[in-house]
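Peer 1: To convert, count from 1 in the sequence shown and add 3; that's my numbering.
It is possible that some hints are incorrect.
As the list claims (entries may be wrong) - Below are the DSS-like pairs computed for lysine-lysine, each with C-alpha atoms no more than 25 Å apart in a straight line: (1) 72 with 89; (2) 135 with 233; (3) 89 with 7; (4) 233 with 72; (5) 7 with 31.
Calculated from the structure, these hints are not laboratory results. What you are looking at is a predicted structure, and each value in this text was computed from that prediction instead of being measured.
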Amino acid sequence: MRAKIIKAIAGFFYVYAGESGIYECRAKGIFRLKGVRPLPGDDVEFEIISEEEKTGHITEVLPRTSYIKRPPAANPDQVLLLMAMKHPDPNYLLLDRYLVSMHQCGLPAVVCFNKADLASEGQMEEIREVYKGAGVPVHFMSLRTGEGVEEAKEFFENHTTVLAGPSGAGKSSLVNTVQNRIHMETGEISKKLARGKNTTRHTELIPINEHSFLFDTPGFTALELEGMEKEELKNAYAEFAPYEGTCFFQGCVHVSEPDCAVINAVREGLISEQRYRQYKVLFEELKEAEKRRYK
4 MRAKIIKAIA GFFYVYAGES GIYECRAKGI FRLKGVRPLP GDDVEFEIIS
54 EEEKTGHITE VLPRTSYIKR PPAANPDQVL LLMAMKHPDP NYLLLDRYLV
104 SMHQCGLPAV VCFNKADLAS EGQMEEIREV YKGAGVPVHF MSLRTGEGVE
154 EAKEFFENHT TVLAGPSGAG KSSLVNTVQN RIHMETGEIS KKLARGKNTT
204 RHTELIPINE HSFLFDTPGF TALELEGMEK EELKNAYAEF APYEGTCFFQ
254 GCVHVSEPDC AVINAVREGL ISEQRYRQYK VLFEELKEAE KRRYK
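Can you make the complete structure from the sequences, with help from the hints?
Peer 2: What follows is the structure, encoded as structure tokens:
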């Protein structure tokens, strides 16, 4: 049978086979020999051991269309980054880290700010201004009042979405809101997975409907960029793109070079100074990582 892994815990894989339900499976040892690690989101072939106990063996992991290392997820086609306007306050450097990480994965991102009822229109407009050139939609909502929630739900339609963000931003509440539209029995999932109500410790794929899936991920407070050269970082900042090739120096990385078109655009207010400061912080981190790597 064909199914999709929705959760992996301690060597057990829970696979969703549509109307047939959820099966608890082990993966055959051949995957370890091949260096293949089945992940939530993977499409798999499995054989049933017991229909009564809903157990089976995964026999094949089908080719992936995309992959995220942190949080581990297979086959997503977009990511929704959920931040809060207050409690906790937005961590924009962390947000940029994640946007850069998603750029590495080749996945489009949507940024959504919850608790908009705790912010002024001026604060929200300031955020819109900072990210207007970043190439990502920015949405505001309040799960407490319901403002903007219906529009946020539309982001999930016909997508396999990774929902990520820091603890306290409201991910669990948003997941529960989206789950109200599931066209299947959710009790079976909760019983089979023993899923906690308030705390997500593992990445879990939640079927919303036949064509929409949602990765619920653990909250994060830190994220290290991996596998990126410092010279590549500028490619993750969409607002730099119009100025590429117009700097005085060929191969300019827009940090301290004279007559840099990007630096000039920042001075003229054409590029967000906040985003540029964060770019320089990440550039220095990659520079230090490169030094350690080649010591």
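Peer 1: With reference to the structure, classify each hint as holding or not holding.
Peer 2: Checked hints:
1. 72 with 89: violated (28 Å)
2. 135 with 233: holds (24 Å)
3. 89 with 7: Given that 25 Å is the threshold and the Cα spacing comes to 36 Å, the pair is violated.
4. 233 with 72: With Cα atoms ~20 Å apart, residue 233 and residue 72 stay inside 25 Å; holds.
5. 7 with 31: holds (16 Å)
The structure fails to meet hints 1 and 3 from the earlier list, while all remaining hints are met.
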